[in-house]
Amino acid sequence: MNPRWFYSLLIISTLLSGIAHWFWPQEAARFVFASLSLLFWAALLGKATESVAHYAGERLGGFLNATFGNAAELIIAIFLVKEGLLDMVKASITGSIIGNLLLVLGLSLLFGGLKYKVQSFNPMLAGHNASLMLLSVIALFIPASFSAYLGAGEMETLSLTISGLLITGYMLWLFFSMITHKSELAHPGDRETAGEEKEEKHVGSPPGQEPDWSRRMSVFLLILSTFFVAVQSEWLVGSVEAVAHSFGWSELFVGAFVIAIIGNAAEHSAAIFLAMKNRIGAAVEIAVGSSLQIALFVAPTLVFVSLLFQKPMNLVFSGPEVVAIAVSAFIAKSISRDGSTNWFEGTLLLIVYMILGTAFFLI
Amino acid sequence: MNPRWFYSLLIISTLLSGIAHWFWPQEAARFVFASLSLLFWAALLGKATESVAHYAGERLGGFLNATFGNAAELIIAIFLVKEGLLDMVKASITGSIIGNLLLVLGLSLLFGGLKYKVQSFNPMLAGHNASLMLLSVIALFIPASFSAYLGAGEMETLSLTISGLLITGYMLWLFFSMITHKSELAHPGDRETAGEEKEEKHVGSPPGQEPDWSRRMSVFLLILSTFFVAVQSEWLVGSVEAVAHSFGWSELFVGAFVIAIIGNAAEHSAAIFLAMKNRIGAAVEIAVGSSLQIALFVAPTLVFVSLLFQKPMNLVFSGPEVVAIAVSAFIAKSISRDGSTNWFEGTLLLIVYMILGTAFFLI
Amino acid sequence: MNPRWFYSLLIISTLLSGIAHWFWPQEAARFVFASLSLLFWAALLGKATESVAHYAGERLGGFLNATFGNAAELIIAIFLVKEGLLDMVKASITGSIIGNLLLVLGLSLLFGGLKYKVQSFNPMLAGHNASLMLLSVIALFIPASFSAYLGAGEMETLSLTISGLLITGYMLWLFFSMITHKSELAHPGDRETAGEEKEEKHVGSPPGQEPDWSRRMSVFLLILSTFFVAVQSEWLVGSVEAVAHSFGWSELFVGAFVIAIIGNAAEHSAAIFLAMKNRIGAAVEIAVGSSLQIALFVAPTLVFVSLLFQKPMNLVFSGPEVVAIAVSAFIAKSISRDGSTNWFEGTLLLIVYMILGTAFFLI
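Residue numbers (our numbering), protein chains in the order written: chain A, 1 to 363; chain B, 1 to 363; chain C, 1 to 363.
Honestly, the hints are just simulated from the structure, not real lab data.
Warning: the hint list may mix true and false statements.
Some chain A residues near chain B, calculated using beta-carbon distances under 7 Å [claimed, not checked]:
no.	residue
1	Ile-12
2	Ile-335
3	Phe-344
4	Thr-358
Restraint ranges, calculated between C-beta atoms of paired labels, are given here [said to hold, decoys possible]:
no.	chain 1	residue 1	chain 2	residue 2	range
5	B	Met-171	A	Arg-4	55 to 61 Å
6	A	Leu-114	C	Ser-183	44 to 50 Å
7	B	Thr-168	C	Ala-152	44 to 50 Å
8	B	Gly-248	C	Ala-152	57 to 63 Å
9	B	Leu-114	C	Leu-15	46 to 52 Å
10	A	Leu-224	C	Lys-117	52 to 58 Å
11	B	Met-171	A	Gly-319	49 to 55 Å
12	C	Lys-117	B	Leu-114	41 to 47 Å
13	A	Lys-82	C	Ala-242	45 to 51 Å
Glycine included, each C-beta is placed from N, C-alpha and C at the ideal position.
Put together the whole structure using the sequences plus the hints.
Following this line, the structure appears as structure tokens:
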């Protein structure tokens, strides 16, 4: 998007959101403008994170991208936890994961595939990504399948243990992919274009380019956008229940499809944009990396954060949520494992997304 | 089979079926002769469809094969729907899918493997087939796993939505594999024998050869065999409940193992015959293509057809059925994905088929 | 371990176990010393089996290794069956399978990977192993998922049928891998080191080396260690319930984590030792082969053995057990299928093992 348009819309939507919040009694208007404003601030936060990461140097920067690349989702979820809307937190985690694996990946493959007959990427990371995705599915599947056998206190213990293990695993993965085996993952023999090399090193980060801002400006924008993401998240969360009620939407649908799409919109457009420039490897890496980050870092972090608010959240996801995540992981893995994509594979992912969307909407 | 024998048995079994239907009060006799006659007419219908497809030209013919290749199963199922035997319809869909993936594929690999130590086929299509098979499993798994959360009306809506999406997906797959990416799927670099090339283009169709009949004769036989398949299906369906009851067989077993085997017998023998001629690629394509056609085209079509008879059928398959389909898809995928087969892999598939058969029989 | 140390500890622990059994009223002491003694005798039994197999010649020896390689686990389980502790039998089968796939494989990959950056093995067998592992999961999953639909008698019939089919399948696999397709599995084109060739032929057996003992001595030690494994198993089983009760451990946890680790300790150390000598192919083969042997041979044999004791055991594993086995099989397959391993992949397996261990402990 043209920067001038972007900043204009950012300011206008934020002003409208403020007016709606303070003077407009209708919840739906508050919700719509907070969503719009949040969408733009989340995009700016993402860009500022990358820019700060750039100045922080390769290692620290890579670490920043890999942990705070989904900061907006994390902030929204923290406000949901604070309000005690724990089911909606889980639904938004579910929605972020399946949104990345089905919607973002599906649209990227479809639009990229409409322009280029066959698109190829280096399947080197695919194996590791598939194993990490399987770990995510397992970590969410086990509490759900043991829930009939465990009491609330035991489930709390199990959730905290799993959360600690997932964060440990994610940190070890960063250590592995950025330090001990960096060259193995970055320089496979069958690499096709040198240009892709740099991009695929960072989990969940769009390709590093020269940042638009100075070091100072980047830090300032990071702080500013974090502040506004927080404000708009609070306002959004404040009206979400009333809106869901008035539209007859289930908490599950709002969390998994409305909130998740708002929080991830910036990444969605970035991935599709890259796919249409035939950089399908980077697009796949954004979609898959982002869903791994949500499952292995954001979700377990929220379990610990929920303790601070004394609203302890466990990792017991509902049946439909576990099914949705498992199904998405399997079909995304089946499609991406050969390192070659086309428009039909994108369509397949979108069909599964539409099936899940319909099912969640009807609940 | 020798044509003379074939037509003699066709006529004799049809005569006996007529006599049984009109003069023989014993349901078991009616059932047996209707089954026999149906088996031969279904084989003739399959051959006539191919022959008409041959004259229709490559594109329209490929489309005919891919949609009406399982016409006999569709016709039997329509009569089951008309009688309101919806559970038996679902069982017969289940049985057709697992019969193709386990029995047909298993026997082909076993008999082919007893003759040839290792048989190879081009694994190019395997990736796409695996993703489509996963879509089938997902499409049947989601209604079952959401059934506890949805009312009957919502499930009807979900089933119709999924059915529409599956038929759309199947049509897009035909468009993809026959038009936009035909050459990519047909001319992979690692192809071994030129003879296999032609066969693998058509989903679920046995290899195209010069037809035995003229264009007129083909159309006439298509109409005639469709008529007789319909008549025998009606007679079969009329006696199936009484027979199941008298033998103490469950609806699930009759649908999944008796009816499914009758409807698919012709394809079964064709695939095994091809495998023994070392054309294992064509045999795999019949088995996998046929099960995809059932899951992605026949099953959703039946959901819409059931509305015409005002006996709306949803897509909620029972637990054992979903388990059977998922299990078959996973083991068939695991075995076929390397493009190399042997007798032991055939045995593995048959063992799983026997386990499922025993379990369904005992229900 | 230094042989002198080994035999000293074997004798001391056996003496202490005898003293505890006859003179020490405290169950915990009996349990600990019986466990220790059992651990050493199981290791000796394993080594004696290999040695006898060596003298028996390649075919009979391979067969011996593939069927009695897990004799210690089988003997312990038989005493559990005799005591009617059927749930603990199933838990110990579960624990042996997941212990091999997660703990043994995980530690091997981790320790091997800390010493060597990347370790490679011939992925030739991996495809067949994956299909056999899938058969194991299916064979345990189907009784569990059909249990709501079948009565006790029907489930008994189903369990016996499945057991018969699994043993048949395992025997056919031995026939396939040792006789009809021996050279195909042993001499793949992409083999890297000739040294690995010999090891990977035998299912579940550590690499054949020159035995330390004469033929006579080997047979004598086989008989002696079998006798002592039986004695210590009986003593262990006699105190296990009281100990589990006093520690507040569930039957599931004791079977799956305590007993399974005691029975498998020898293989565990052998596999890790091989991995640290960069013979990762042999280590993988021990871990995967051993879990296949448990699932396809030991478990079904126990179903038949249970009939002799008139304490019929079916194959209905509990939900958590089926989940644990399925999850382990999938992640082990995902990690081992590319034939290349590193320390992070070992860590992933260990994380899943710790998650399952915590969940089983809390039940």
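We went through each hint and held it up to the structure:
Interface hint status for A/Ile-12: violated, as the beta-carbon distance to the closest one in chain B is roughly 37 Å, over 7 Å. Of the supplied interface hints, the one on A/Ile-335 holds, with its beta-carbon coming within about 5 Å of a beta-carbon of chain B, less than 7 Å. Hint on A/Phe-344 holds. Least Cβ distance to chain B is approximately 4 Å, under the 7 Å limit. Interface hint at A/Thr-358: satisfied, since its Cβ lies 5 Å from the closest Cβ of chain B, which is below the 7 Å cut-off.
Taking 55 to 61 Å as the suggested C-beta distance range, the pair B/Met-171 and A/Arg-4 does not conform, at roughly 43 Å. Between A/Leu-114 and C/Ser-183, the C-beta spacing of about 49 Å keeps the proposed range 44 to 50 Å intact. About 46 Å separates the C-beta atoms of B/Thr-168 and C/Ala-152, a value consistent with the hinted range of 44 to 50 Å. About 18 Å separates the C-beta atoms of B/Gly-248 and C/Ala-152, a value inconsistent with the hinted range of 57 to 63 Å.
In this structure the supplied range 46 to 52 Å is violated for B/Leu-114 paired with C/Leu-15, their Cβ-Cβ distance being about 57 Å. In this structure the supplied range 52 to 58 Å is violated for A/Leu-224 paired with C/Lys-117, their Cβ-Cβ distance being about 44 Å. Our hint of 49 to 55 Å for B/Met-171 and A/Gly-319 is violated, since their Cβ atoms are close to 32 Å apart. Distance hint for C/Lys-117 and B/Leu-114: a CB-CB separation of about 45 Å, consistent with the stated range 41 to 47 Å.
At about 49 Å, the beta-carbon gap between A/Lys-82 and C/Ala-242 stays in the expected band of 45 to 51 Å.
Hint check: violations occur at hints 1, 5, 8, 9, 10, 11; the rest are consistent with the structure.
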